[in-house]
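Trainee: Top line first, the protein sequences correspond to chains A and B.
Quick note on numbering: this note's numbering labels position 741 of the first sequence as 741, and the sequence is numbered without any gaps.
Quick note on numbering: this note's numbering labels position 90 of the second sequence as 874, and the sequence is numbered without any gaps.
Treat the hints with care, since some could be wrong.
Listed below are several chain B residues computed to face chain A (Cβ distance under 10 Å; list not exhaustive) [unchecked claim]:
| hint | residue |
| --- | --- |
| 1 | ALA835 |
| 2 | ASN885 |
| 3 | ASP1011 |
| 4 | SER1013 |
| 5 | ASN1044 |
| 6 | TYR1080 |
Simulated coverage check for chain B against chain A, where a stretch passes if three residues somewhere in it have a Cβ under 8 Å from a Cβ of chain A [what the hints assert, rightly or not]:
| hint | stretch |
| --- | --- |
| 7 | 986-1000 |
| 8 | 1103-1115 |
Because the hints were derived from the structure by calculation, they are not lab data.
As the structure is a computational prediction, the values presented were derived from the model and not from experiment.
Even glycine gets a Cβ: it sits at the ideal position worked out from N, Cα and C.
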Amino acid sequence: MDAQQFITTYIDAKNNAWIDAGGKATDGNALRPTLLKIPEDFLTNPQQFGTGTNWQDVMFRTAPSYNGQVSVSGGTEKTQYMFSGAYLDQTAVLDMNYYKRISLRSNIKTAVNDKLTLGLNLGVTSIFDRTEGTKGKSDVISLGLQSNPHFPVYNENGNLGYRDPNSTWFRFTAFGDMNLWHPYSLTREVDKGTKSFNTLGTAYLEYYLLKNLKFRTSFSANFFNSRNHFYWNDKQKYGYSAVLAAQANAGSGYMLNWLSENTLTYDKQIENHSFTGLVGYTAQKQRDEAMSVAANNFPNDLVHTLNAGTVTAGSTSASEWSLLSYIARLQYNYNSRYFLAATIRRDGMSRFGDNNKWGYFPSVSGGWLVSDEPFMSSVKHLTNLKLRASYGVTGNNQIPNYGAVSLLAASNYVYGSTMSNGLRVNSIANPNLKWEKTTMLNLGIDVGLFNNRLIGSIEFYNSLTRDMLLFVPVPDITGFSTQLTNIGKMRNRGIELNLSSKNITGNFNWTTDFNFSRNRNKVLQLGPGNAPIQYVDNVVTVRTEVGQPVSNFYGYIFDGVFKNQAEIDAYPHHASTTPGDPKVRDVNGDGKITDADRTIIGNNQPDFIAGMTNTLSYKGFEFSLMVQGAYGGEIANNNIRYLGTWDNGRNFYASMYNYWRSESDPGDGIHFKPNVSYKGLQKQFSSYWVEDASFLRMKNIRMSYAIPNKALNKLAFKNTRVYINAENVFILTKYKDGYDPENTTYGTTSYSSSMETSGSYSSGNAPVPGHFKELIMALTPCRV
Amino acid sequence: MRILKQWLAVCFICLSTTSCRDSFLQLAPVSNPNAGNFFKTKADFDLASNAAYATLYTIYNPEGAVSYMGELMGDNVTILNISGNMADKWQFRDYTLAPANTMVYQFWQDFYKSLYNINIVISKVENADVDAAYKDKIKGEMMFLRALYYFNMVQIWGDLPLVTAPITAEESYGVLRTPISEVYTQVIKDLQFAASKLPLAASAGVGKASKGAAQSLLGKVYLTMGDKSNAAIQLKEVVNSGQYQLLPSYATLWDPKNKNTKESIFEIQFLGGSSTAPFSDYYLGFFPNSNALGFYGSGMNQVVDDVWNEYEKGDTRRVASIDTGFTDAKGVFTKVKFPKKWQDKTAPIIGQRIAANNNFMVLRYADVLLLLTEATGDPQYLNLVRKRAGLPEYGTATYPSTLYKTIELATEHERRMELAFEFQRWFDLKRTNRVLTVLTSKGKAITQTKLVIPIPNVVRDQNNKITQNAGY
């Protein structure tokens, strides 16, 4: 809302609560309790604020970005090499945010003799970035949206906020329900960033022990290091919700993951029968370490490193996992027309219980290239037809590193003036914890028509996951709320379709690529008694129950607003209801509104997703358009808590301004009247929070031109292309105020199992702007 | 070629030897201790019992179960703006609690998690190789805590699952709601054990449960059960033990430098001044929901005029108990009433919180004296409390006997004033069967079935044999 709309709504919310408490809207502040007082400026002269500040305009900007790539490759018969480098410099839409990446790669391979080949691949990536706005309710963007619009970008002293004691705006500090998290107090008053370095190297050796028997051994290592720093200027120019002393922290992360792979491959061709056998052994281990330090008490804002302040906290931690695998595979084909393959793996994972570290994972697959059959030669225009089928078991080990072990955690107590260490049991041991297994059947058809000008594939799958690794709720009287257990069953069924067509070929080319997929997910079994698994984030309730897809939104259904007392009298209602309050559906029909009237009100999983890319080219020019969409999912907008209802004076969504005001001015019938102290279910999770997440997005428009080689010969470059790129050009969606339903989601827990009971829903909490453009100028690829 | 053969040999060593394979997958936790080899020595039990005491921080948190029940359900305080799930918090204030209320479930979890920390010490120390005297002391302290928690819980929910040892998830499905009377039997058993084994306050150790603490609580439990004579026996023993006395001034009782005084019987221990020790959150928790002074007040338990007005003229306890507002950086005063008892004016602000040093008294001598008057009808104990407050004694001419006609009403009034905001009010009214009379007279929408709160619906989703309280 703009300042005028906000002020009107603010006043109405206070008056509605005061009327509930027996007062009159005309009563002055002297008669009202502190929390129902209204700033005099709002009552006597609201016009002085004009339309106020649109905080989105303050924090967002047009963001250009630059991208360059160079690659070089070549070699002799015995030795081949490839070197490449790329640089990306992206300015973010959000003030002060950026992303810079430089990556270098080098691949070298040499045949020492007929039997022995050696190779080394090295890649180094370094990223310097500052990215914010993606971490939910307490991040810059969400806080900016919640800030009151009547405050200016700068006050008369050039400071950011009303908490400046030398500013006339300071008068608003008398009200506890004024809100300002000035975006600049978090972007310009904060010096922060992350630097990360990632090195991935693989050295390998291939040796032919016999003519058909190849031994390959490789060793890969991934080194990752990152550092982050944060410094918050003293007092933040009064732009934050409190005036804070300078503070700083720094952290570093380290990861080493190494992998040794060793295989023997045997090839044999007997007339039209072709065999390939493989046995192998791999070992992998990862160690993660983290370090953090915090400091305060800085003399001034001149030095931002922690040596200038007093260190107040520091911590280090580490954890590890390891994985061993044995693999055997046999592949057979007859005449490259009939294909068969069988694989068995045996994997051992450190995370599982002592009794169950190992799991077996077999699979078989077959294919039939029908179009190669003699009897198909008469079928016109059919270039390719292949039938595929596979059936196999895969495993999941995504649990915390020590998930099977009972851990102790610190819980300290004080006696007098001495702090004493304490230790409590933090998790229950489960020595039987084992691999989660998914059995999957795939059936597919590949088709190529008219000399492969039209190619397509269709694939059906049906998978059954069992022994799911879940933090299963256990009765709290055990002292624990959840226990990591193998339990439950879930089915996924779906279809995937891909089509690619060369509509026009020649000097002028037009190709169309189309994809479509849909998945149906159903929970078949849960823990003891099939008790539903419920996850609550503030009030947003996500519930997983048998017979339903994973993670349904669960709450009340709001059927609009009661227009008058007669409507209220005619329908079951919450005891506190007065005209203008929401009409809550009596789902169970018992004539009362209770929490038994909560029901399934949505699910984030879409009915289907689809995408289409059209590419037009003429000589060196190429133009492509990419459209993407999802249909049928819902999103729970967590910002309804702040922006869709009164929440301690935060700003509101503009759409809410159509709220019920009186019987003769009932608004849009959707938005109930604001109230400082809602007495009914207004702030509980309901269909009022849930919106259609369907969208259609113009994902990418790209125009490029290949500079003619003639022009470049002098520079010894070939194949050089110049691009103009526009990403996320527009989006069509019903989701709130044009924000992007796809990119506004965040996981609610840092860890989730394959079932993602708590992580797979969208809270729509950190809106990312839907309309931004970027311009990419690229030179790629250049070959010498 | 030789090099290659050596490499081959190295690569396949682990493939062929089982021990190498198994040890590769045996990774011990790096940054957390493993519970497998704990609960063996005295030092282990000291650590574990410290963690059990630390559960007091949760249960008696300014936004914990005892605060919501003891104050918000009563008539001393209200809440308006408060952080977190506001709608569910308001349900306590409005007596509209639903089984789906997230706070109700939170409190259920808090209690049973805490009980696990206590029960595991009791059950592990039983068979541990430590001396009998140590065993008795640890068990006594843990049983005191267990009794304190079950006593709160049985008043909050009524019948409830009684768990006195660690149980597995499978076993837990067979543990249903135990009737109130049997819960009380367990509470009394635990307190009798504690009272018989624990030393007097002077030698119990600072912050530890003592014989006097067990007897004071036992007296209160008997009184709640309606057994006035047994209550009087226990409470008189506390009075006669010579361990406790009222401090001369009510105000000094709340000085953060005055910890663990002669008046204190059981006190939750905090250490202010740094973020590395558990500091006291009470003043901050009860400060209005505002950040005008550089810290975030939570807005819990905002004082209403009804209690402010009940203080008699000249009662020094009012200014010691209630803050009437705060002054911002520009000297502007905001008028708002909130609890003041746990203010630490010299505490530093760390991370927008006040790192205060105040302890929290769960049991104190004035409480015991007033309970003794309640048990015996003898005003002499109540009058000790009034004398300290600088007020005329009950039975004298200047006593406001038109307002408080009976010793019962006089005690009710005195407890409200003396123990204001110490999480006592609702439990006091409930014990004396006065909730409905007192609260409905103040326009509160309270009914008989609201005297207990609902069993959380999550609990009943998991085990449908657990029954719901009537009216929910």
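Trainee: Does the structure break any of the earlier hints, and which numbers would those be?
Mentor: 3, 4
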